[in-house]
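Reconstruct the complex from the two isolated chains, following the hints.
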Amino acid sequence: AQKVTQAQTEISVVEKEDVTLDCVYETRDTTYYLFWYKQPPSGELVFLIRRNSFDEQNEISGRYSWNFQKSTSSFNFTITASQVVDSAVYFCALSAPNSGYSTLTFGKGTMLLVSP
Amino acid sequence: EADIYQTPRYLVIGTGKKITLECSQTMGHDKMYWYQQDPGMELHLIHYSYGVNSTEKGDLSSESTVSRIRTEHFPLTLESARPSHTSQYLCASSESREFYNEQFFGPGTRLTVL
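Chains as they are written, first to last, in this note's numbering: chain P, 1 to 116; chain Z, 1 to 114.
This is chain Z alone, in the form it adopts within the complex (with noise of 0.2 Å):
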């Protein structure tokens, strides 16, 4: 079973603040994803990571940034929310060993900007 969790699970803030969602897994898989799914459904990749000091942007361009110190942590920072960020942003992670690349996904962080 998957062990991948994300913090805060709900998070209304006003614009400006710096919000930074976070995003552990236990199961010491190297690849770390984060998505942005917008309301119509789609899931957007915006940042992923091969391993510790590894990132990359994904397709989706976001105002976001992200780190990689731990295996196990992918924050995700937000320095100036704006509302054009409300989404719901997915967490996932997969084993770099697995040729497949089978994503295990945590319960996701719904974010609304006021």
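Chain P on its own, in the form it takes in the complex (with noise of 0.2 Å):
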């Protein structure tokens, strides 16, 4: 069975703090893939990264940083100098052969607040 959890229900910042967002995994396949997604107040979600399960270089994007640890089954976000655009609902998921790929197990989300 495969399951992702984030335990942060709501992690209120002030702006230009930095933020980390903690996603945390299970599957027994040896691969699969791991994304995030934002959904703003406005309501779509939309699609941040997609790693590997065999690529486990951390990557940088702007303000945006992953870190992708199997050893601890773990794909943590971070947001730094958050901004209140930065404020939404953020979805960490999995995608694997258990599902034949066809399907994504979503964590139950994290909303961000960021206050000026």
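Keep in mind that the hints were calculated from the coordinates and are not lab data. Yeah, the Cβ is synthetic: ideal placement off N, Cα and C, and Gly gets one too. Be careful, since some hints might not be right.
Stretch-level coverage of chain P by chain Z, calculated; a stretch enters the list once three of its residues show a Cβ under 8 Å from a Cβ in chain Z [said to hold, decoys possible]: (1) 44-56; (2) 85-95; (3) 102-116.
Dumping the calculated EDC-like pairs for lysine to aspartate or glutamate here, alpha-carbon to alpha-carbon at most 16 Å [unchecked claim]: (4) K108/P / E42/Z; (5) K3/P / E72/Z; (6) K38/P / E42/Z; (7) K108/P / D38/Z; (8) K3/P / D29/P; (9) K3/P / D30/Z; (10) K108/P / E63/Z; (11) K38/P / E102/Z; (12) K70/P / D29/P; (13) K70/P / D55/P.
Structure below.
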């Protein structure tokens, strides 16, 4: 069975603070893909990043960075110098052969509130 | 850029009404999905489709039904709406040739049943 856990339900920070969103996953498969999506107040989910299980390099994109550690089954997301526009719900998700790669297993989401 | 559309964006209806939520995509994706998102944010997969004339039930039991007569179109129907159906409904699609199943999402339909 696959599972994605986002233990932080809600995080509040003040603008310019750094914030890390945690994601822990479970799968018996050795090949799998991990994703992060952002859901702003407008409602749609916006794709942020995809990572395959064989690529443990950390990735940085502007103020966003991702730390993938297979040893701890974690795929954490850090926003540096947060801005009000970063306020959204963030979802971590997993795709694996267990589901034929046909569906995504989502975490319950973390709501990030960035105040001015 | 993803081109997936949902109509209506907002809908308020009375109990017992039949409704259809529309979802269309212009990317030629084979796979399409419907998610129900509860007020607590959690996403629940309720239906998906691998292609034309293919539909499957998702993880969460739903009283809704879907059809896939055309590749680009994946409507969801509630025969008799109830207050318990009040939720946000999100449609998504993905390219079947992509091994990793990156899904593109529509803007959602926020349904309120009175």
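### Task
Hint by hint, work out which the structure violates, then give me just those numbers in ascending order.
Per hint list: 5, 9 and 10 violated.
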